[in-house]
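Fit chain B to the given chain A structure using the hints.
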Amino acid sequence: MVTLKVSNVSLSYSSVKVLNDITFSLEENSVVSLLGPNGSGKTTLLKTIDGLLRPNNGSVYVNCKLVHKLSRKDVAKVLGYVPQKLEVSELTAFEFVLTARRPYVDFDYSKEDKRIALDALKEVGMLQFKDRLLTELSGGQLQKIYIARALASGANVLLFDEPTSNLDPKASSEVMRLLKRISLLSNKTIIISIHDLTLAYRYSDISIFLKDGKIVAIGKTDEVFNTDIIKLVYEIDAEVDKNKKIVIFYY
Amino acid sequence: MATSLYNRHFGTNPITLFYYFSIDLDLIILGDKIAESSGLDAKKFRLISTLLLALAEAVPTSFIGVVPFLGLVAPHLGRLIVGGSHKYLIPTSALVGSELLLVADLLGRIIIMPITIPVGIILSFIGTPILIILAVVRMGGNAKSL
Numbered sequence: 001m002v003t004l005k006v007s008n009v010s011l012s013y014s015s016v017k018v019l020n021d022i023t024f025s026l027e028e029n030s031v032v033s034l035l036g037p038n039g040s041g042k043t044t045l046l047k048t049i050d051g052l053l054r055p056n057n058g059s060v061y062v063n064c065k066l067v068h069k070l071s072r073k074d075v076a077k078v079l080g081y082v083p084q085k086l087e088v089s090e091l092t093a094f095e096f097v098l099t100a101r102r103p104y105v106d107f108d109y110s111k112e113d114k115r116i117a118l119d120a121l122k123e124v125g126m127l128q129f130k131d132r133l134l135t136e137l138s139g140g141q142l143q144k145i146y147i148a149r150a151l152a153s154g155a156n157v158l159l160f161d162e163p164t165s166n167l168d169p170k171a172s173s174e175v176m177r178l179l180k181r182i183s184l185l186s187n188k189t190i191i192i193s194i195h196d197l198t199l200a201y202r203y204s205d206i207s208i209f210l211k212d213g214k215i216v217a218i219g220k221t222d223e224v225f226n227t228d229i230i231k232l233v234y235e236i237d238a239e240v241d242k243n244k245k246i247v248i249f250y251y
Numbered sequence: 252m253a254t255s256l257y258n259r260h261f262g263t264n265p266i267t268l269f270y271y272f273s274i275d276l277d278l279i280i281l282g283d284k285i286a287e288s289s290g291l292d293a294k295k296f297r298l299i300s301t302l303l304l305a306l307a308e309a310v311p312t313s314f315i316g317v318v319p320f321l322g323l324v325a326p327h328l329g330r331l332i333v334g335g336s337h338k339y340l341i342p343t344s345a346l347v348g349s350e351l352l353l354v355a356d357l358l359g360r361i362i363i364m365p366i367t368i369p370v371g372i373i374l375s376f377i378g379t380p381i382l383i384i385l386a387v388v389r390m391g392g393n394a395k396s397l
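Heads up: the protein sequence lines correspond to chains A and B, in order. Using the numbering used here, the first residue of the first sequence is number 1, and each one after it goes up by one. Using the numbering used here, the first residue of the second sequence is number 252, and each one after it goes up by one.
Same shape as in the complex, but just chain B:
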């Protein structure tokens, strides 16, 4: 039990590190030029954040397997709720992602009891329409601004 808890915490630790870099993430999204002129070494930061991201993805995936759509849908929903500032976006995405996973797992267990549908299949059913809706909403927004 203790090992399992430790493993789970280890899997979520890189998120804390990304929270620490939230200002730098805000900057890098504005483009390398503005990031560098604000004192950030953009190339170094990209390298470090890519390595951290690989770690953040690899550790939980190695414990619980591949969960499709979660990493795509959760940040997009989070952005709708709190906007683009990573200081709020990172914890919100983590919360939204865990809630989505919980709901998908619950649905997978109760839809055709006693058979359990894998959480990945349920998430694909939830995630695909959400992504399509988000894409349509974004395209609509862009069209309006044109």
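One chain only, chain A, in its complex shape:
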């Protein structure tokens, strides 16, 4: 079943075209990698999908509903966006995850909201850190807490902007494995903007290569990951080892 449909989306910052006629649709239970060099429009596309930016042309549909016609509260119920960098406040991990329930509350969180937040923490294996302040957590732990928050929002399309950018290789693969598991178990569509091609190759079902705001290639990861496309997008020689599932760059 199609959960997300992006149709002919174009967006410009003043006179610079950042997204140019982007069209694709995604089904549930899939991990999607959004790939491309810096400035290719990955973050702008994620923000546009989440309705934080309004496209000049085109439209975004989630569960057949036009995102830009929905209220912010209703968008938050179907789309969960995790930015690249969050301001770390002095909330505990549990309090932070609980803020994802904001679209569902009028005045205070219900018992159900608290249960959902605890379940989300349990799902990402961070329940034992629930009373820790965010300021006391490592980068990898923080990223898992962000994932728990996205889960607690109840949205079925989750957007992650470079979740592995500040993590060591072990933590990065743990985060990607976790996202893959969530997409399979919880029927979520997960879109991840990512620079690490090996991680994208290993853990994503679908890959979208962007360059200068345009889609260069889109399709099943095994099919679109090849040296020609990587050379075209990143302007660097690379080798895709299909057996070891790694991408090697020749700098």
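These are computed hints drawn from the structure, not numbers from a lab. Just so you know, not all the hints are guaranteed correct.
Unchecked claim - Label-pair restraints from in silico Cβ distances: (1) A:68 - B:309: 32 to 40 Å; (2) B:388 - A:64: 46 to 54 Å; (3) B:368 - A:70: 42 to 50 Å; (4) A:166 - B:357: 30 to 38 Å; (5) A:135 - B:313: 32 to 40 Å.
As the list claims (entries may be wrong) - Partial chain A-side listing against chain B, Cβ under 10 Å, derived: (6) 82; (7) 91; (8) 211.
To be verified - Far from chain B, some chain A residues (derived; all Cβ distances over 10 Å): (9) 14; (10) 21; (11) 25; (12) 26; (13) 63; (14) 77; (15) 100; (16) 133; (17) 214; (18) 219; (19) 233; (20) 238; (21) 248; (22) 250.
Where is the CB? At the ideal position from N, CA and C, for every residue including glycine.
The following block gives chain B in isolation, referenced to the frame of chain A:
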């Protein structure tokens, strides 16, 4: 007496409103992007909360005058006690602030009796070292996390 009580209550009412917005305050501190993606209109909320804050500050100040450091020290101490969640921070800050004011007023009346030292001067003496200590503690914490 009744008018005076009414005035005092009117002065504290905006705090109740801020308590109502405690979830939104938690969100806005995390940044506009995360606040908006959680269903909050960040710009509108900033405007409304700034206006409310101006009201919350202006009304009591117009009745009792300027009290330096109280608004700075009380929330910081409150944060040390209950953490950053505004649901607990707002009432705790109100309690800590009123206790600080009471202590400062008491000290001002008894230090060189029968002369009364203005509460603002006493609060400056209490508030300045507290703020310096808090700043040093925070810097120490940041250095540790680096």
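Hint-by-hint comparison with the structure:
no. : hint                      : result
1   : A:68 - B:309: 32 to 40 Å  : 39 Å, holds
2   : B:388 - A:64: 46 to 54 Å  : 53 Å, holds
3   : B:368 - A:70: 42 to 50 Å  : 59 Å, violated
4   : A:166 - B:357: 30 to 38 Å : 50 Å, violated
5   : A:135 - B:313: 32 to 40 Å : 38 Å, holds
6   : 82                        : 8 Å, holds
7   : 91                        : 5 Å, holds
8   : 211                       : 25 Å, violated
9   : 14                        : 20 Å, holds
10  : 21                        : 25 Å, holds
11  : 25                        : 22 Å, holds
12  : 26                        : 19 Å, holds
13  : 63                        : 16 Å, holds
14  : 77                        : 8 Å, violated
15  : 100                       : 6 Å, violated
16  : 133                       : 7 Å, violated
17  : 214                       : 25 Å, holds
18  : 219                       : 28 Å, holds
19  : 233                       : 26 Å, holds
20  : 238                       : 32 Å, holds
21  : 248                       : 34 Å, holds
22  : 250                       : 35 Å, holds
The structure is inconsistent with the numbered hints 3, 4, 8, 14, 15, 16, although it conforms to all the rest.
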